[in-house]
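There are 2 protein chains.
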Amino acid sequence: MDKSIIDYISQYIKLSENEKEIITKQNFIKQYKKNDILLSEGKIANDCYFVIQGCVRAYHIKYGEERNTDFFFENQTITPISYQTKQPSQYYLCCLENCVIAVGNEERNQKLLEQIPNLSLLISKMNENLLIQKTVEFDDFKNHNPEERYLLLLKNRPEFLNRIPLYHLATYLGITQISLSRIRNRISEKNA
Amino acid sequence: MDKSIIDYISQYIKLSENEKEIITKQNFIKQYKKNDILLSEGKIANDCYFVIQGCVRAYHIKYGEERNTDFFFENQTITPISYQTKQPSQYYLCCLENCVIAVGNEERNQKLLEQIPNLSLLISKMNENLLIQKTVEFDDFKNHNPEERYLLLLKNRPEFLNRIPLYHLATYLGITQISLSRIRNRISEKNA
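The listed protein sequences derive, respectively, from chains C and A. Convert by adding 3 to the 1-based position in the first sequence; the result is the number in our numbering. Convert by adding 3 to the 1-based position in the second sequence; the result is the number in our numbering.
It is possible that some hints are incorrect.
Because identical chains cannot be distinguished in the list, a pair is counted as satisfied if it fits within a single copy or across any two copies.
[Stated by the list, open to error] Below, a list of computed lysine-lysine pairs in the DSS-like style, where the Cα atoms sit at most 25 Å apart:
no.	residue 1	residue 2
1	Lys33	Lys158
2	Lys89	Lys158
3	Lys6	Lys89
4	Lys65	Lys137
5	Lys17	Lys28
6	Lys137	Lys89
7	Lys33	Lys6
8	Lys193	Lys89
9	Lys6	Lys28
10	Lys17	Lys145
11	Lys17	Lys128
12	Lys145	Lys89
13	Lys145	Lys65
14	Lys6	Lys145
15	Lys17	Lys114
16	Lys89	Lys128
17	Lys37	Lys23
18	Lys158	Lys36
19	Lys6	Lys193
20	Lys65	Lys23
21	Lys193	Lys128
22	Lys46	Lys137
23	Lys158	Lys193
24	Lys89	Lys17
25	Lys145	Lys114
26	Lys193	Lys17
27	Lys46	Lys158
28	Lys36	Lys137
Since the hints were derived computationally from the structure, they do not count as laboratory data.
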C-alpha cells in the first residue's frame, strides 16, 4: 500500500533505500467508508492526507445546500487550509467512495522531515504545482461559461465525469443539475 | 528602494547583514509606465516580479474582451504560470499605474539561491501562502453571488476599490459594468 506514496515522492526527489524503508515503516494508512467525514466546518484540521485509493470531496454549506469546491483522487495530497492557518475550517471533507488514505499530522511530519530533510524540497515543489493548478482552474472558471467549463473538465479531468455523481458535479461547475443535464443533452446532440 | 524587498523577505526568514547587502547590490529594479506590458499571451515568461510601487493587472482576452483575473499591488510577487511551466502564457500582465518593480529571472535567482540558500525556505513559505490565498479566493468566488463578492472585496481588499477603475473591477468580479453600478447603488441605498 505504501508503494504508491514512495512512487509519488520519487517523482519529485530521489529517495535512498534507507529513506524508502523509513517511509514504509510509518503506520499512517487508514481505511474510510463512503460518507465518512474527515473534516467539518468550524473544526481545526490537525491532519493532512494523501489519497491512496478512493475519492474525497470538499464542500461548503451555503444557504443549507452543499456546494462542492474540489475532488481529490488517487495520488493527490489534501492539505486543508485550516491545517495551515490553524483557523476553523470553512468547509467539509467527506469520502465520496470507500477510501484508503495516508494520514499525516504536524508531529509526524516534523519527525519525518528530520529523518529525510529532502522532503522539504518535495513539499515546496508540490505546493508550486498545486498553486499552478489552482490558478489555472480559477482563471478557467472565470473565463468560461458553464458549457465550456464542462467541456474543459471532459478534456482535462475525465475521471471527474466517470466517478462523480451529476448532482455533485453540478454544484462544482456552479450550476443546477437541470442546467447540467441540458448542457449534456446539447453536447450529445451536437455529436450525434 | 530595495528596503521593501528586504523587509518583505525578513517576514519569512532571518537575513544576516551580509545577505542584506547581497540583495541590496542586485541591480534588478526597473521603472515601468502605466499601460506597459510585462507579458503577452502566447509568449513564454522569462521574468518574475516583485511590485515595489504601483499596480499590475493580469487579464485574459476572451471574445475580444479583456477579462481581469488578478491585480498585484505593493509587496506582492508575480510569478507567471508560464515562468514555471515554460509553456506560452494564457494571459497578459500590464501596468495599471506607473510602477517600480524588481525583476528576477532564473539565472539571477539561481545565483542568489547559491549565495543565500535560506531563500528556498522563503519561496516555499511564499508559495504555501499564495496557495492558501488562491484557494480561499476561488472558493469564495464559487460560493458567492456578485453582490456578495463585491462586499467581500470591500472587506478583504479595500485597495481594489480605491485604485482599480470600475470597468476593470467588473470583469474581475465576473459581471458587466452596469451590473456593478447597480450593486453599488443598492449597497449605498441600504446604507443611506
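> What label fits Lys6 with Lys145 when the C-alpha limit is 25 Å: within, between, both, or neither?
Replying inline: neither (38 Å within a copy, 36 Å between copies)
> How do Lys137 and Lys89 come out at 25 Å by Cα distance, when the copy is not named: within, between, both, or neither?
Replying inline: both (21 Å within a copy, 17 Å between copies)
> Can you tell me if Lys33 and Lys6 fall within 25 Å by alpha carbon in one copy, between copies, both or neither?
Replying inline: The answer is within: 15 Å in one copy meets 25 Å, while 49 Å across copies does not.
>> Cα distance capped at 25 Å. Does Lys6 pair with Lys89 within a copy, between copies, both, or neither?
In response: For Lys6 and Lys89, neither the intra-copy (31 Å) nor the inter-copy (31 Å) Cα distance is at most 25 Å.
>> Cα distance capped at 25 Å. Does Lys65 pair with Lys137 within a copy, between copies, both, or neither?
In response: Answer is both; intra-copy 22 Å and inter-copy 20 Å each pass.
> Are the CA atoms of Lys89 and Lys158 at most 25 Å apart within a copy, between copies, both, or neither?
Replying inline: between (36 Å within a copy, 21 Å between copies)
>> When Cα atoms must be at most 25 Å apart, do Lys17 and Lys145 count as within-copy, between-copy, both, or neither?
In response: Classified as neither; 38 Å inside a copy, 38 Å across copies.
>> If the cut is 25 Å between Cα atoms, do Lys17 and Lys28 qualify within a copy, between copies, both or neither?
In response: within (18 Å within a copy, 35 Å between copies)
>> At most 25 Å between CA atoms: does that hold for Lys89 and Lys128 within a copy, between copies, both, or neither?
In response: So Lys89 and Lys128 pass the 25 Å test inside a copy (22 Å) and across (15 Å) alike.
> Using 25 Å as the alpha-carbon threshold, which applies to Lys158 and Lys36: within, between, both, or neither?
Replying inline: Neither, since 30 Å and 40 Å both go past 25 Å.
> Are the CA atoms of Lys145 and Lys89 at most 25 Å apart within a copy, between copies, both, or neither?
Replying inline: Close across copies (23 Å), not inside one copy (29 Å); limit 25 Å.
>> At most 25 Å between alpha carbons: which applies to Lys193 and Lys128, within, between, both or neither?
In response: Neither. Shortest intra-copy (41 Å) and inter-copy (47 Å) distances fail the 25 Å Cα cut-off.
When each numbered hint is compared with the structure, violations occur for hints 1, 3, 8, 10, 14, 17, 18, 19, 20, 21, 25, 26 and 28.
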